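Novice: Respectively, the protein sequence lines represent chains A and B. If you're matching positions, the first sequence starts at 61 in the working numbering and goes up one per residue. If you're matching positions, the second sequence starts at -10 in the working numbering and goes up one per residue.
No lab work stands behind these hints, which were simulated from the structure alone. The structure displayed is predicted, hence computed values, not measured ones. Even for Gly, the Cβ is constructed at its ideal location relative to N, Cα and C. Hints may be right or wrong, so weigh each one.
What the hints assert, rightly or not - Examples of chain A residues lying across from chain B (beta carbon under 10 Å, computed): (1) Arg85; (2) Gln104; (3) Ser183; (4) Thr299; (5) Ile492; (6) Thr495.
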Amino acid sequence: MLTALTACSGGTSRAGDAEGGTPVRGGNLKFAISVDSGCIDPQQVGNNDALNIGRQLVDSLTVQDLDGRIQPWLAQSWEVSPDARTFTFHLRDGATFSDGSPVDAAAVKANLDGIVALGAKASLGSTYLQGYTGTQAPDVRTAVVTFAQPSAQFLQATSTMSLGLLSVPTTSADPATRCEGTTLVGSGPFTVGSYANGSKTVLERRAGYDWAPTGAKHQGEAYLDTITYEVVPEASVRTGSLQSQQIDATTGIASQDLPQFDGNGFWTQRRANPGIPYNFFPNESRPVFSDERVRQAFSKAVDRTTLASILNPGDVAVTSALSASTPSAPDDSADLALDVAGANRLLDEAGWVKGADGIRAKDGKELTVTVTFWQPTTAVLELVQQQERAVGIDLQLKQGTTAETTALQNSGDYDVLFYNLTRSDPDVLRTIFSTETRNVNHRAHSQVDDLLTQQAATTDPAARAQLVAQASQLLVEEAHSIPLIELSTVIAANDDVRDLQFEGSSRLWFHDAWKQA
Amino acid sequence: MTGYVTRRLGQAVVVLWAAYTVTFVVLYLLPSDPVEIMLAGGQGGEQSTVDPAQVAALRHEYGLDEPLPVQYVHALWRTLHLDFGRSIQNGAPVTSLIGDALPQTAVLAASALAVALVLGVGIAFLSTWVRRSWVRTLLLALPPLGVSLPTFWVGLLLVQVFSFRIPVFPALGNQGFATLVLPSVTLAVPVSASIAQVLARGLRTALAEPYVETARAKGASRARVHLRHAFRNATIPALTIVGVIVGNLLAGAVVVETVFSRVGIGRLTVTAVNGQDIPLVQGLVLLAAAVFVATNLVVDLLYPVVDPRIRVVGVPRRPRAVTRTLVGSAS
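Pulled out of the complex, with its shape left as it was, chain B reads as follows:
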């Protein structure tokens, strides 16, 4: 097991390095440079009239005048020493900018995930539980609808209705539970839809398996068959999409945080990309990559816990087989 985890951590380093390098190249291939954008006042700014010599001095200060490979090596070396540099837009350390935004997004993502789990599991469960076929059809139509509704539109609709028309929740800000409700629901819609879709299919498949037949024959109640036997098996494919869900949450945060004027990683990313703020974008990309790597690792380690059959295959004599099984089921 230790060997497996070590190998996975090694792979994680490679993934992080690749993400870092690709972003670096892409950002530097863009035709403009961040200093000019900053001088133009960024978004909502006007024309910059700064003396070209002073602009050059500033570019030199940020090391943007060095040859590309030199800049890359310097940047990578600093990153390896956990020095992520400072934002070009306002000079603040990248770590403190991310540190301020991260908890807000984490809270938003966690509450959205909670809402999504309740909705998703509820829909999946009901759609396999009810016997009336039209209700079933209706419930099964919800996930595709949820996936296809644009988050932006859902957010604006909710804020129009529940903040501007009926003043139940505030439209802006990060303070307090009330400001979290509408953003969480907005962010939960597409996530709950994917959960419901995968879980409902898993449940249907599981319910058709012979062991369900056996359980029923042994006299297990409908609820027991559903919850104890089918549900546990149906969670395996659902677990596989956890990585996708985390991706959805991060991507959705960009939109949700903009619509609801919330501080967070999503908004920070928008600002950083608009300003071509290279150090900040790099920091955010590393963060996102790390989150993905960690999520997938955790999911892979969870498989054997949920389904003992996966563990039985290889451990302890054939660790290689374990790797293959685990990696295979994660992808």
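Pulled out of the complex, with its shape left as it was, chain A reads as follows:
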């Protein structure tokens, strides 16, 4: 894991004293989170804070290292059929759930069946299991998972907490009691001590835990006795609480406050979230965006290097339709460079003429587009607004609630959408862009869709990466995807906290973390 961390220098930066020293057992780590979505069941939640809690409770069949490689965890080996429809996992011996029951093939079946039964409630897992036809257990240590269509992404999905394994009784328990932790039994390094809706979650070290994933810094039980997740909704209070040592660590420090935790008895560490970076998704059923030249101009007007300096110190410019920390993410930065002259030329060609106010117009209609969003990224979007204005595009920002934005998305009544999606597998492109899935652009079937479908059926990593690269390049070239900025997760902690680190999806891994006495 250490080598993986240093190897991934583009994705991580480090200040202060996050690692080193001889681990000490014991202690309670107080970690502040921003929101409580009312649920800590890793199979049901979709919110980053809740996923960070759920990750500690469950183990997964596989683990994804920071370079994106899939490594053994509960499954010590696996085979994927050439058509990417059948996945055979060989489970390790000796792992148990905290109720004492074994982690066996029957449990794998119960979990995957259970997630499908949860349906939409398993908001992430149900997406990973689309086309799931069932699991066979030829023997107690072998689980054979089959899909109706090629699903190369499933291997990475098995490394997520969303498909993390719970004990068989849990899989059929009432989803609400699972949310509150009362019936939530996993095999992870921590168990649920207590959960109080809206205030705090206490996790306790699992005695006898001895099946940490490949790449973990140590085997055996976690070092910490307990982790207390405190819900602190107000950003300035999180900052003050960390500063005054009322909490030990958090991922919820506002970017403008981060510099004060760089040294001074604190450390910060950032990692870009893999998956789809913050993107503009133009609605191509709108006349203005049906013209590829307008979309391309829209993209060329963006100065991504300047944007990257806004959110978190250490952020770098986005380089493709995928965040750079996504496995097999290509580098399309040439197509994403600032090109004001090119943007102006394209808009001229498309017949949009600059008016007296600097805004272009065609047939008496101004080039005005509205982006609807709910994320706390107004500063970024205001800068984009200025950059677009420089080429004569009038970008209107409309910030709404999550509720309003979601409603608008579903109605299809939008010019431009803006969001990101964390997923450490390039198949996330298919989920968002393919005309057979979400079709965020409302566009007609094209070559991109064939490439996206092919990569889902390709098990050879190199061949798949090539297909992904082609798809990503097309998405960027034809400006279906207008990537703006990567979302990073930033841990800020005091120097007593050691070895608290990211896993492959940029969520946190507490098993190796310890606190200096």
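Starting from the known structure of chain A, fit chain B onto it as the hints suggest.
Specialist: Relative to the frame of chain A, chain B by itself:
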């Protein structure tokens, strides 16, 4: 008296029903639906990629696909049987979510009220007691200041100074007396200001009344005149704003509980509204309406106790007149 109370309880039912119905309509008029919000991970979540068919199945499970009037009748019928349903966000029963949060807010509100009474009564009393006019002016300037300071700002200021700079009190949580101090003071500021304002005016008016003159002429001490004669009369208008105070406490709890990371009805309301969690919002609205109705009823019943003249008007021969007097003075 029994007839009066019965009538008031009847009115209470109408108020509760109206509050319930208005909230229902408003929530359903919103363009989004709670299932989509839940799937997006709520606040701090990301994009939902769930299959539309599965989303539809979930909406069906919550009965959100039925026609609006059917949903309304079902919801109302369940509510009448004291079944408030389950939260859409996490499936927990609404009663248990509210039950967990209510005691915390009650404790916070009670301690804030205690602080506010001490401050409010103290300021009102001093501002009419001291003889130096500049002190008087200064004291009388405090209530308008207290009302106009944003609770949010006061809370952040207090937590900065007394938790982050000088670590006297914890910034977070619900556990123990220490965590209650700063939130209570924050919540007490606007409440004490309204109490001081109304009470000071009442005292000034009462002190100018002829009976004070009489009391003085009879040789009553200044303290006796102030406390015994004027104060009792001045409490009548102050009693009238109890309903407003309870409202302030509930509304203030939303802000205070957020700033101080406390569990309570306020935070629960924020979460419920953000998530458009219809059953939970409905439960909270019913709770708030019930608290208001109960407060006003208690206040109305208290008038005759504080001021026997109110009771003398109607009881027992003209109960209707009683109603009018009581209702009139409450509004």
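Novice: With reference to the structure, classify each hint as holding or not holding.
Specialist: Now the hints, each set against the structure:
no.: 1; hint: Arg85; result: violated (26 Å)
no.: 2; hint: Gln104; result: holds (8 Å)
no.: 3; hint: Ser183; result: holds (5 Å)
no.: 4; hint: Thr299; result: holds (9 Å)
no.: 5; hint: Ile492; result: holds (7 Å)
no.: 6; hint: Thr495; result: violated (15 Å)
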